[in-house]
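Undergrad: Based on the provided sequences and hints, a complete structural model is requested.
Going by this note's numbering, 103 is the number at position 104 of the sequence shown; the sequence numbering is gapless.
Calculated from the structure, these hints are not laboratory results.
List time: in silico BS3-like cross-link candidates among lysine-lysine, alpha-carbon distance up to 25 angstroms:
| hint | residue 1 | residue 2 |
| --- | --- | --- |
| 1 | K173 | K227 |
| 2 | K192 | K147 |
| 3 | K166 | K113 |
| 4 | K100 | K22 |
| 5 | K113 | K148 |
| 6 | K224 | K166 |
| 7 | K108 | K183 |
| 8 | K22 | K52 |
| 9 | K173 | K183 |
Okay, the calculated beta carbon distance ranges per label pair:
| hint | residue 1 | residue 2 | range |
| --- | --- | --- | --- |
| 10 | V18 | L136 | 31 to 37 angstroms |
| 11 | E86 | N150 | 23 to 29 angstroms |
| 12 | D45 | V237 | 17 to 23 angstroms |
| 13 | L144 | E236 | 33 to 39 angstroms |
| 14 | K131 | N2 | 32 to 38 angstroms |
| 15 | K131 | E86 | 31 to 37 angstroms |
| 16 | F208 | S24 | 32 to 38 angstroms |
| 17 | K192 | A139 | 19 to 25 angstroms |
| 18 | L231 | Y130 | 24 to 30 angstroms |
| 19 | N84 | K173 | 22 to 28 angstroms |
| 20 | N56 | K140 | 41 to 47 angstroms |
| 21 | I218 | T169 | 16 to 22 angstroms |
| 22 | L144 | N46 | 38 to 44 angstroms |
| 23 | K147 | P17 | 34 to 40 angstroms |
Just so you know, even glycine gets a beta-carbon here, dropped at the ideal spot from N, CA and C.
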Amino acid sequence: MRNFDVIIPVYNSAAILPVLIEKISDSFSNISNQYKIILVDDGSKDNSWSEIKNLKNKYNFILGIKLDKNYGQHQAIRAGLEHANAEWNFVMDCDLQDNPKYLIDLYNKAIADKVEVVLADRQAKAGRLYYKVSSWLINAKLSVLLKKKINYRTANFGIYSNAIILKICTLSYKHFYLPVAVRKCTESISELKVIHNDRFAGKSNYNFFRLITLAMHAILFVFQKGDKGKPLFHISEVVE
0 MRNFDVIIPV YNSAAILPVL IEKISDSFSN ISNQYKIILV DDGSKDNSWS EIKNLKNKYN
60 FILGIKLDKN YGQHQAIRAG LEHANAEWNF VMDCDLQDNP KYLIDLYNKA IADKVEVVLA
120 DRQAKAGRLY YKVSSWLINA KLSVLLKKKI NYRTANFGIY SNAIILKICT LSYKHFYLPV
180 AVRKCTESIS ELKVIHNDRF AGKSNYNFFR LITLAMHAIL FVFQKGDKGK PLFHISEVVE
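TA: Right, dumping it as structure tokens:
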């Protein structure tokens, strides 16, 4: 089993990927060479998949997964989690708003606090006002439904033990939403304050409609029970 895996959903981010991979590699350079970066192309319309294959040819620590169409960020994350095989697993966005320099800090926090999950508490949330307000509202609602407080400044960026990933992957595919999945599986969670950067390039893929849709999936996933069922995504190609 590897020391670390980094799961990254990718959508229309070809220009960012080389910089992202270099920064992640730099972060691990002084601690481990036993890691994989799992890039999940969620039906990108640009040449993201070609760039992922180019990076795979350059680096042996790349694992690329291509979904046959766009399924959404959380289904892409789920696809990546099911290919993870490390003692500790990171989830982060591909736009460099989640700074790779915090990866080792998250790991050190997990070890120091003896917890299964450490989430990034983003102190300077870049973005539009309605995004901040909607994030606060949805997490307030989820906190009530789950009877567990969810900090609206946390999202997917964090580190997760292998045991938690295995538990998460037993949950339903339908309406899958990682922050809810985590709270369903454990209360062993710490937070680490980080600075949330501006996007390195391009613009956010989330508009008001997408945020509403995401909120509905999050709420429905709270009540989702039973067997996990069949995957809602289809993997068309894997490079490893």
